[in-house]
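First to last, the sequence lines map onto chains S and C. For the first sequence, our numbering assigns the number 1 to the initial residue and increments by one for each residue that follows. For the second sequence, our numbering assigns the number 133 to the initial residue and increments by one for each residue that follows.
What the hints contain is simulated information worked out from the structure, not anything from laboratory work. All C-beta atoms, glycine included, are put in the ideal place defined by N, C-alpha and C. Just so you know, not all the hints are guaranteed correct.
Residues of chain C clear of chain S, computed beta-carbon distances all greater than 10 Å [claimed, not checked]:
(1) 178
(2) 212
(3) 228
(4) 359
(5) 367
Partial list, computed: chain S residues near chain C (C-beta under 10 Å) [to be verified]:
(6) 37
(7) 40
(8) 41
(9) 90
(10) 129
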Amino acid sequence: MDIKILLVDDESDFVETMVKRFGIRKMPIDSAKSGQEALAALETKEYDVIILDVRMPGMDGLQVLKLIRERAPLTEVIMLTGHASLETGMQGMNLGAYDYVLKPADFDDLLDKVRKAFERKELNAKARKQGT
Amino acid sequence: MQRPASRGPDPVGDNPGIGQGILARATGAKGWKDHGLLLWTHFLVPPVLAALVVAAAFATPVVAGILAAAVLAIAAVSARGLLSRLSRTEEARLSLNSQLIQSQKLAAIGELSAGLAHEINNPIAIIAQEAEWAEHVVREAEKNCNADFAEVRDSLREVRAQVDRCKNITHKLLDFARKREPVLQDVDVGRIIEDMARLVDKEAAYKNVTLTRDLPQDLPLLRTDSPLLRQVVLNLMTNALQAVDTGGRIEVSARADDEVMEIRVKDNGCGIEPENLEKIFNPFFTTKPPGQGTGLGLSMCHTLVTGMRGEIFVESKPGQGAAFTVRLPRKT
Ligand SMILES: Nc1ncnc2c1ncn2[C@@H]1O[C@H](COP(=O)(O)OP(=O)(O)OP(=O)(O)O)[C@@H](O)[C@H]1O
Ligand SMILES: [Mg+2]
Chain S
1 MDIKILLVDD
11 ESDFVETMVK
21 RFGIRKMPID
31 SAKSGQEALA
41 ALETKEYDVI
51 ILDVRMPGMD
61 GLQVLKLIRE
71 RAPLTEVIML
81 TGHASLETGM
91 QGMNLGAYDY
101 VLKPADFDDL
111 LDKVRKAFER
121 KELNAKARKQ
131 GT
Chain C
133 MQRPASRGPD
143 PVGDNPGIGQ
153 GILARATGAK
163 GWKDHGLLLW
173 THFLVPPVLA
183 ALVVAAAFAT
193 PVVAGILAAA
203 VLAIAAVSAR
213 GLLSRLSRTE
223 EARLSLNSQL
233 IQSQKLAAIG
243 ELSAGLAHEI
253 NNPIAIIAQE
263 AEWAEHVVRE
273 AEKNCNADFA
283 EVRDSLREVR
293 AQVDRCKNIT
303 HKLLDFARKR
313 EPVLQDVDVG
323 RIIEDMARLV
333 DKEAAYKNVT
343 LTRDLPQDLP
353 LLRTDSPLLR
363 QVVLNLMTNA
373 LQAVDTGGRI
383 EVSARADDEV
393 MEIRVKDNGC
403 GIEPENLEKI
413 FNPFFTTKPP
423 GQGTGLGLSM
433 CHTLVTGMRG
443 EIFVESKPGQ
453 GAAFTVRLPR
463 KT
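Modelling step: build the complete structure from the supplied sequences, incorporating the hints.
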C-alpha cells in the first residue's frame, strides 16, 4: 500500500535529495517549505506520515506539530532536528510526535521509521473504526 | 466515569504509605519482620518439647541429644523457608497495593488538572492578547507623543513572560491528562534507547558527563508502544542528566529474560533523600527551582509504564546516585 508522506523543511537542497531518494523507491512524497504551507497541504489531502523539521523560519516546528495533531490526529509526525536539544525533544515527544530524529538522518533508518509510523497509523485507524 | 477518590472506604487503606512497595524495595522490606518471632516460636517449641519428652522417656542423654538436635535443625530449616516465602508474598502485595494506589491517584489528579487547565486556558489566552494589545498601544502613543514609556513596556513584557509560563504549565497539565491508549507494535528497544541517548549526548558532553549504553546485541523485539516508551526513556535520562554534577556518569542498559524486558537508567548524581523516595512519582513533586521542574516527568512515566502493564521503581542512596528500573512484560 502507498504511504502518503509529506516532508516539511525550508532547506530546499535537503528536500530535493529526499524527494529523489523516496522516488527511487517508488514512494512519491509531497513537500512543503514552511509550517503554513504544510497546514495548507493538510487541508487538501490526508497524509499518513509527516516528516517535520523542528527549526524553520516563521512558524516553529513544535507549533506546527501541535496544530497537525489537532487537525489530523491520526497522522503520525516524525520530527527532524539539526540541533540535539533535549528540551524541544521532550516537548516534541510530549506533544505526541512519533519519533525525534537527529539530522543528518541515515536514509534507510528514516525509511524504517516512516514504515513503522505508517503501521501505527493504520493500527490506530482500525482501532478507531472498531471503537465507534 | 467513576472518580477513584470517591470510591468510599479505601480497599487498601491499611497500607501505611503510598509508594511503600517502592520504598520497601529500596530499603529492604520491613513489615513482615514483626511476624518473625511468632513464627520461630511456633515452629521451634513443639519439636523442642518433643525432644525433651523423648529424652526423658529413654533417659539416655546422648541419643536424646542427637535426636533433639536433628529435630531442631529440621524445624529451623522449614521455618526459614516459610519465612522467606512469606516475606516475598508480602513484598509483592505491598508493591501491588502501592502501584494500584498510585495509578488511582494519578487518574484522579489527571481528571482534576485537565478540568482546571481547561478553565484557566481561556483567561490566560485573553490576558496574553490584551498585554500584546497594550504593548501596541504604548508603542503608538510613544510615537505620537514623542514620549518614552520604557517602564510600562518592561512591565508589559514581564506580564507576557509570566503568562507564557502559565500557558506552559496548563499545556503540560492537559498533556498529562490526555488518555493514551497504547498502540502495540514490534519495537526495537535498543534502537529506541540509542536514539534517545543521542539526543542527550550533546548536552551531556557539554556538562562533561559520560552517557554509556549497555545494550545486548540479541535483545528481542518487544510488543509495546514506541512513542510512549521513548517518552519514558527520555524523561529518565533527562532526570539523570539534571541530577549529576560535571564529570558524572549515566548508564543506560536493557536486558530481557523470557518474561520481562528491563530498562535501567543509573546515575552517580545527588541521589534521593529517603523521605522523598515515596513522593517522587507524585505529580508536582519536584526539588528543582521554580521554572525548572514541574514535577510531572516521573508521574507521567509511572502512568505510561503502568498503562503498558509494566512497573517502574527506584533505588537510591542520597549522595550515591539513583537507578530507575522499568520492567515491561514480554507476553501480551
Ligand atoms: N536521577 C535522579 N536523581 C536524583 N533525583 C531524582 C532523579 N530523578 C528524579 N529525581 C527527583 O524526583 C523529582 C521528580 O522528578 P520529575 O521528573 O517527576 O520532575 P522534575 O524533573 O522535577 O520536573 P519535570 O520532569 O516536570 O521537568 C525531581 O525533582 C528530583 O528531586
Ligand atoms: Mg523530570
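Results of checking the hints against the structure:
| no. | hint | in the structure |
| --- | --- | --- |
| 1 | 178 | holds, 61 Å |
| 2 | 212 | holds, 48 Å |
| 3 | 228 | holds, 29 Å |
| 4 | 359 | violated, 5 Å |
| 5 | 367 | violated, 7 Å |
| 6 | 37 | violated, 25 Å |
| 7 | 40 | violated, 24 Å |
| 8 | 41 | violated, 23 Å |
| 9 | 90 | holds, 6 Å |
| 10 | 129 | violated, 14 Å |
Taken one by one, the earlier hints fail for this structure at numbers 4, 5, 6, 7, 8 and 10, listed in ascending order.
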